[in-house]
Every structure is written in structure tokens, then in C-alpha cells.
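Protein chains: 6
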Amino acid sequence: MTDMTNMTDTAATETTIRQKRYDRGLEVLKRINGESVIELADSLREISPELGYQTVAWAYGDSYSRPALSPRDRQLITLGMLTSQGGEETELRAHIPLALAVGLTPDEIVETFLHAAVYCGFPRAINATQTARKVFAERGVSVSAAAATPVPVDVPVRSARSTPSQ
Amino acid sequence: MTDMTNMTDTAATETTIRQKRYDRGLEVLKRINGESVIELADSLREISPELGYQTVAWAYGDSYSRPALSPRDRQLITLGMLTSQGGEETELRAHIPLALAVGLTPDEIVETFLHAAVYCGFPRAINATQTARKVFAERGVSVSAAAATPVPVDVPVRSARSTPSQ
Amino acid sequence: MTDMTNMTDTAATETTIRQKRYDRGLEVLKRINGESVIELADSLREISPELGYQTVAWAYGDSYSRPALSPRDRQLITLGMLTSQGGEETELRAHIPLALAVGLTPDEIVETFLHAAVYCGFPRAINATQTARKVFAERGVSVSAAAATPVPVDVPVRSARSTPSQ
Amino acid sequence: MTDMTNMTDTAATETTIRQKRYDRGLEVLKRINGESVIELADSLREISPELGYQTVAWAYGDSYSRPALSPRDRQLITLGMLTSQGGEETELRAHIPLALAVGLTPDEIVETFLHAAVYCGFPRAINATQTARKVFAERGVSVSAAAATPVPVDVPVRSARSTPSQ
Amino acid sequence: MTDMTNMTDTAATETTIRQKRYDRGLEVLKRINGESVIELADSLREISPELGYQTVAWAYGDSYSRPALSPRDRQLITLGMLTSQGGEETELRAHIPLALAVGLTPDEIVETFLHAAVYCGFPRAINATQTARKVFAERGVSVSAAAATPVPVDVPVRSARSTPSQ
Amino acid sequence: MTDMTNMTDTAATETTIRQKRYDRGLEVLKRINGESVIELADSLREISPELGYQTVAWAYGDSYSRPALSPRDRQLITLGMLTSQGGEETELRAHIPLALAVGLTPDEIVETFLHAAVYCGFPRAINATQTARKVFAERGVSVSAAAATPVPVDVPVRSARSTPSQ
Chain P
1 MTDMTNMTDT AATETTIRQK RYDRGLEVLK RINGESVIEL ADSLREISPE LGYQTVAWAY
61 GDSYSRPALS PRDRQLITLG MLTSQGGEET ELRAHIPLAL AVGLTPDEIV ETFLHAAVYC
121 GFPRAINATQ TARKVFAERG VSVSAAAATP VPVDVPVRSA RSTPSQ
Chain R
1 MTDMTNMTDT AATETTIRQK RYDRGLEVLK RINGESVIEL ADSLREISPE LGYQTVAWAY
61 GDSYSRPALS PRDRQLITLG MLTSQGGEET ELRAHIPLAL AVGLTPDEIV ETFLHAAVYC
121 GFPRAINATQ TARKVFAERG VSVSAAAATP VPVDVPVRSA RSTPSQ
Chain S
1 MTDMTNMTDT AATETTIRQK RYDRGLEVLK RINGESVIEL ADSLREISPE LGYQTVAWAY
61 GDSYSRPALS PRDRQLITLG MLTSQGGEET ELRAHIPLAL AVGLTPDEIV ETFLHAAVYC
121 GFPRAINATQ TARKVFAERG VSVSAAAATP VPVDVPVRSA RSTPSQ
Chain Z
1 MTDMTNMTDT AATETTIRQK RYDRGLEVLK RINGESVIEL ADSLREISPE LGYQTVAWAY
61 GDSYSRPALS PRDRQLITLG MLTSQGGEET ELRAHIPLAL AVGLTPDEIV ETFLHAAVYC
121 GFPRAINATQ TARKVFAERG VSVSAAAATP VPVDVPVRSA RSTPSQ
Chain B
1 MTDMTNMTDT AATETTIRQK RYDRGLEVLK RINGESVIEL ADSLREISPE LGYQTVAWAY
61 GDSYSRPALS PRDRQLITLG MLTSQGGEET ELRAHIPLAL AVGLTPDEIV ETFLHAAVYC
121 GFPRAINATQ TARKVFAERG VSVSAAAATP VPVDVPVRSA RSTPSQ
Chain C
1 MTDMTNMTDT AATETTIRQK RYDRGLEVLK RINGESVIEL ADSLREISPE LGYQTVAWAY
61 GDSYSRPALS PRDRQLITLG MLTSQGGEET ELRAHIPLAL AVGLTPDEIV ETFLHAAVYC
121 GFPRAINATQ TARKVFAERG VSVSAAAATP VPVDVPVRSA RSTPSQ
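So the protein lines, in turn, are chains P, R, S, Z, B and C. Position 124 of the first sequence, counting from 1, maps to 124 under this note's numbering, and the rest follow consecutively. Position 28 of the second sequence, counting from 1, maps to 28 under this note's numbering, and the rest follow consecutively. Position 104 of the third sequence, counting from 1, maps to 104 under this note's numbering, and the rest follow consecutively. Position 54 of the fourth sequence, counting from 1, maps to 54 under this note's numbering, and the rest follow consecutively. Position 55 of the fifth sequence, counting from 1, maps to 55 under this note's numbering, and the rest follow consecutively. Position 164 of the sixth sequence, counting from 1, maps to 164 under this note's numbering, and the rest follow consecutively.
Honestly, I wouldn't trust all of these hints.
The list treats identical chains as interchangeable, and a pair is accepted whether it falls inside one copy or across any two copies.
Unchecked claim - Below, a list of computed lysine to aspartate or glutamate pairs in the DMTMM-like style, where the Cα atoms sit at most 25 Å apart:
(1) K134 - D23
(2) K134 - E46
(3) K20 - E89
(4) K20 - E138
(5) K20 - E39
(6) K134 - E27
(7) K134 - E39
In short, the hints are calculated from the structure, not lab data. Source: prediction; values computed, not measured.
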């Protein structure tokens, strides 16, 4: 933490608030087993300390902690975006574990990428799915057999709208 | 519907299944007040009938109807992707109403775009938010006052992780 | 054309070659009824003369004129890219007429966007298709009824690989 | 294949049609030596069986098999899109061999990426070209000396519009 | 400004710091005649107050105000990015005036888009240039005749590296 | 160089001008220690000689050499674009050294990616920053301690607008 000995009152106050935002971001990340994101931010410490600070304090401390969306909701949005944006395997490798940690099941994560194929095409959906495969293998996680079953055309839509995991 | 009078049994069967997939897509869309998506697909009827068919039968009949993710989950993913991809105001104008219809609140929709700013930057998050503003105005919908309140640094993270709308 | 009265021999020679590359680009564009592209380049004359020059001289004079790919081949590539890149309706409005001029049929152009949906997703494929609809309507062009027919599963693949327009 | 013993007639019929679409996709891929695409789809079998199914049944069985565009035309579109979208080296490594298999020459493939540079810029065109270099080396394929020759300014455009490979 | 009457000391302090960051962002924007950006942020006030706050407080108060890059440097980076990202005409319309305000000349702005064509291709470079044309016309600004002159091949590179506007 | 023995005068002249444009590009690159770009272009020699030629002759000979923007200005634009476009680590690895060579400091390069985070989001800004870390480590270059210091809210904006490196 910054040495505040010689600062003015305002500067010391601002430093305190700045630190508190960072601490809140860390707290959010620790509660959701977001160590991979903490590591990612820490790895920036030598090269771009401000970017590392903002990743924790702004993206998690100020934004992710807001109650309007739950962490589970946020991970759904993020997985869709990282898939669509392409070339973000590093971030997917951090956010797939986060997704599991906040309550998305392996089936739901893989279904997210299948859903994404409609909006960003197959190449990126396939790439994200392959990244999930590796992450799941590393963590001893797997999808269920149910994931392999399509919905027959005669099954009423009402069944299709059930939400088994909530 | 296609005239099946002179078809072989297999061709007639396939046409039936094809029609059933389309019907299921329509049914999903009608249940979630997705008339704007039905309209979008219909507007393709003269120019690209197969693309219009696939939008309803594949994207909704085959994919959206799968139980692994709820419609509310799917709209979170989609809103994130349409924001990130840019230049998809037409689709956002169809999917923001769909999001409201499946149970996302105006606050949650706007929070989705704020969350997105971390992953795709401010220009696209702002553009999506402006589209939401127009759609909400057209439909007499508005965000709550709570949306204007940041989370003070001393509020414990546990409160910040509550999920008021589930 | 630039006044070459006071130039050195080398400068005059270079100006001549520069002009010839531009002339070749114009010639390519005129042969394929690419007036809309000529107009687009001309509209840059006041604001960015070099960009307008490069559009004609480099993109068409140096690149498009090369024999390794025909104009028809080039328009297939370009239509796919403009669809995928999104937000390039201005360029699609110039390249769809070019595609018709070099021998792609309306059916083939619309099929290009349907094919594209696999690789870049439905939003961008739909947006490109809507642009084609407007351009065709303005030019009194339309797709054939055959475009509305899917390929039945029992039709052998060999028929599916015929290439009617070559 | 799914065990259909206990299914209703409709369910068994739908399963049959579903299988037939998949079989048609496989047939298209085998005829064009698309084993790399079959492998890519197969590699999804454990993690996302539905995405693997859709890659073969929808993208190839339903879409690629349609007669309005030949496989050669389709590969031109696809190569342009994969170049533009960036970060899709995996897919380029599958589609460059496909392009060779359907009749595009090495010169035409490399020319496709040169053409693409106009529309998506040099970084992505260069990246795609480097991927082609590796794929060609692995397969003992090379471009011709003609590819090294620019078109002199005095060569009439008519020669420049010849289509030697058709 | 928020009513701080009933807040704890910490909450009041945090609100003060929050307000100061916003004020600093406003001050940066006012000094560089960034009224269009202030307007853009203000237009979010009803729909997404936090996004509007972050645009001013984070993007300008925390980031833009940092001394490591001047505003002129920052506008060069931003113009390149907005061009490349496509579909961000709204933001370009705000940032082109900002660029003029911080000391970039009309020639330099147009040259930025010409330079960009190498990295993101002609469609997006042309679109950005057209936006500049409109903004310049609205503000009675124009490029110089020098912009129309290419650099002859015999002019030594040293002259080409002069930096007339610094 | 091409054997011009049997060419017409015009063909020989054009070849000379073509060579001069290439030579100028090489000269620009050598002056700014752009050997990595020369290498990249050379690596295309066997696979796509025209793309390699255009990289040097058009992108550097015709465009980069123009006086309206300095090389330092150009590198700022390019770094922003390569960050935003994603998946262009190869090009970033060539352009970060170029940026150092033309006078951007390590602090300015890292600040460029921090600035970029506002416009393209954190994933791509982080990826570019990580690439800079590797390049700097390979070259024994590092950022200063000043980069770690945020600007306190009470420091006047005027100080924040100083431009220490010019």
C-alpha cells in the first residue's frame, strides 16, 4: 500500500478510497473463486500497474459488485462477449472457471457457446467450446449425457422453457 | 405450406418435420412476445426464404427451445453479443423487447450494457444504451431511481451479491 | 491531370505511371459497370484525394486487374467480407451492383449471405440480405422461385454440387 | 446412431430425418476431402455433441449442399470471411485444404488473401497468408512463379479479366 | 450533487472523491472544447446514470488526465480505434472535433484515416473519412491543397520524416 | 531485381518506378530500425510476393513516408488499431519495437494500451499489454516508477495536460 506519511489530508483520503475500491474488487473475486482473474491483474503489476488496478477496482469493485445483476447473470453476458470477440482465449480461460464458481453448470456453459453460434457464427463458437473442453479436462469437470439430446419436435414448448438449474 | 400432393413418402415426411421445427420456433417466439423477431424473419420471405426459415426453425425451434438455458439466460448472452458486435441496432431493437418479455427488468438491461463496457469498451456500450433508451421510450418503460445509485465502498460485498430480481 | 511543365524527367515519368495505374483502375471499373465505386472514390476528392486515388489505382488498378482471380470470384470474396465486418452498408450498396455486373445472379448473391450466416452469425447475414433487398428493388431485380426450395434429404449430393451458373 | 426401439413413430421419423441431414453433410464433406472438418466436428462430440451435429448437418447438410453456389464459390466466400474475422487460424487450417480440394489453385488461394487486404487491412491478410504457407508446406503444395508478376500498366484490362482457371 | 446530510463520514468522503473525479473529467473536457462528449455523457443521465458518470469520471477524470500521453496523442489513438471498430460514427462525430481542439489539423485527421486503411482496410477508412467530411463542412473547416500531393519517389526520405505540425 | 533487358521502354520505366517505391519503403523502415517489418515482408516472398511488395512499397513507401504525420504519430494510431482488432500479436510484436524506435517511450506505449481499454475493453487492452511485457523483457526495456502513480484528484488539470516527452 502507498506510504501516506507526507500526504495532505485530501490526498490521504483519496488514497484510502482508491484502496477501498480495490479491496472490494478483491473481495468479490475471492468470494467467487476468481483467483485466475486476480492472477491476471497481478501479472500486470510490473508492466502496467494502473491497468491491473483498474481491472480489480473498476471492473470488479465498482461494476461487478453492483446488485442489479447477479454474478451468474454477469458470467453469461461475459462468456457471450468473449466468444464473439474472438482471440480472447486467455480471458475465456479465466472466465469459464468463474462461471462454474458462480453457479453455471458445465452444461449451461457449453449451451452458452451453442447459443452464441447463432449470433457470431460457428468458428468462434467452436473455438470457445474447445477452450471449455481444455478447462474442464484440467479441472476434472464434464458435461452430462442430457447435453447430447436434441428436443424432439413433438415435445411441447412449455417443457422447453423450464429452467432446471434455478 | 408446401403442396405435398405429389411427393414421395420420404419427401412428405421431411417436409412435415421441417414444418414442425418452424412451428416450434414460432411457438417459442409467440410465448415470449417475440413478434418483432417473427416480423424480421417474415421480412426476409421475398428475398431469402431459406434465411427466414432458418431464423425461426433453427435459431428458435432447434436452439432456443433447448432446456439447458432459460430464455432469460439466453437474452443476457444475446444482449452482450449484439452490443459487442456493433452495428446491430436492428437486432438490438428486436432483442431488447424480447428481454423485457422473458423477465429481464429495464434496470437489468441497462446494467447489462454497463457491464459490457468492461469487455467491449464504451463506444459500443453507449450505442447499445442509446438504443435501449429509444426502445423504452417507444414502449413507455423506464429504469428505476435505484439504477442511479453507486455502491458505497463500505457496503459489504455480501449485500452487493444479492440478486433482487430472481 | 497534374501540370507536368516544370517537373524533372523522373517526376514526370512517375506522374505518368501514377496516372496510368489510376486509368487502369477506372477502366476495370467502367467495364464492370462499377460507377458506384467510381462515385464513391470521387466523393473523397475534396476531403482525401490520396484515399480516393488509392481506391481506384491500388485497389482496382493494381489488385483487381490481376488475372489470378476473375471479377466474379473477387465479388464473392468481397461480399462475404463486407457481410462479416458489419456496418459497411455503404460498401455493400456499391458491391452488390458490381456483383450483378460481373455475372453473379440475384440468387447467388442472396445465397452468399445465407452461406455467410454459418461463419459470422445471423445478425450480419440478415443485415446484408436486407441491403440486397433494397438494392434489388431499386434496380428492378429479383430472386427466382427456386431460391425458396430446400434440398430434400433423399436428393443425392451429386445433384447438390452442380454449378448452374458457370 | 440413436436406439429407436421405444420411440413413437413421429420421434423415430424425426430421428431418421435428423440422421439423414447429418449423413448428407458427411457425404458432402467426404466428396470434397473435408476430413479436417469432419475431425473438427468429431472433436466436439464429447464436449458439445449438438454443436458437432449442427456443424455437419446444418452447415454442410442443409446449407453447403444447396445448388445455388458451387463448393468452389463457397470456399472463396469462406476464406475471405475467416481472414477478415481474425483469430480463426484453426478454421483456416481446415478450409485451405478444402479450398484446394474443390478446385481452387494455390495461386488463387494466395490471391484471395491479397484481395482481402483491401477490405480488412494488411495484418489479417498477412496472418492468413502465413497460415497458407504452413498448410502448403505440410502438403507439398506451392504457388507458381506467375504469382510473382504484377500486371504492367500498358497491358490492356481485357487480358486482366481473363479467368485462366475456369 | 447528492444530498450528503445523513451520510456517515466515510460515505460523505467517498461521495466527495467520486464527485471530484467527475469534476476533473469535466474540467479536462471543457479545456479541450469537448462539449460534444459532455453532451453524450449527459444524454445517458436518464437511461444509465452510472455509464454517464463513468464516461466522464473514469475515461476522462482518471485516464485522459494522466500526463504520460498528451491529449493530441490520445486523439490519434482514439481516431484509429474508432475507425477500425466500425459502426461508431456517433463517437467519431464527437472525437473529430476533440481532435481539432487538441491541436490536430484537418490534414492530420484525414491522414490518420488514410494511414488506417493499411491496418483495417478501405471500407472503414472511407467511412471514417466521410464522417470527417460532414463534420468539417458543419464547422467550416477544410483540408489544405498539400493533402492532394503524393510524395515523388525521388524525394529523400528525410524530408518525408519532417513533422511540420509539432 | 527484375531483368529488364527485353522490356519496352514503358515497361522498363514502370519497373523502375515500382522498384523506387519499394526502395523508399525499405529506406523508411531502415531509418526507424524497422527490421522486424522488413523480415515480415520478406517472409512472404515465397508465398505471396505481391503482398510482401505492397507491405513495403505501398504501406511504407507510399503511405508512411508522407509528411502529414510523423512516424511517432503513426505508431500511436497503429498501436491503438492493433490492440482493438485483436489476434494481431504478430503485428504488435513488430510494431512495439518500431514505436520505441520512433521515439515513444515504454511508459507511453503502456499508457496507449491503458487508454485503449476505454475504447475496446479490457480483454484486448490486457492482451496487448502482455505482448508489450514480453517484447520489453526480450529487449531489456522497462517502464518507469512514475507509471505506477495515479493522478490525485486535487492536482490541477493543467499539470495533467503537460506533455513531458515532447
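Results of checking the hints against the structure:
1. When the C-alpha separation of K134 and D23 is checked against a cutoff of 25 Å, the pair qualifies neither within a copy, at 31 Å, nor between copies, at 28 Å.
2. Only between protomers do K134 and E46 lie at most 25 Å apart by alpha-carbon distance; the minimum there is 12 Å, versus 29 Å within a single protomer.
3. When the C-alpha separation of K20 and E89 is checked against a cutoff of 25 Å, the pair qualifies neither within a copy, at 30 Å, nor between copies, at 35 Å.
4. Taking CA atoms no more than 25 Å apart as the test, K20 paired with E138 passes in neither setting, with 34 Å inside one copy and 36 Å between copies.
5. When the C-alpha separation of K20 and E39 is checked against a cutoff of 25 Å, the pair qualifies only within one copy, where the shortest distance is 19 Å, while the shortest distance between copies is 31 Å.
6. Taking the closest pair of Cα atoms, K134 and E27 never come within 25 Å of each other, the shortest separation being 28 Å inside a single copy and 30 Å across copies.
7. Taking the shortest Cα distances, K134 and E39 sit within 25 Å of each other both inside one copy (19 Å) and across copies (17 Å).
Hints 1, 3, 4, 6, counting from the list given before, are not met by this structure.
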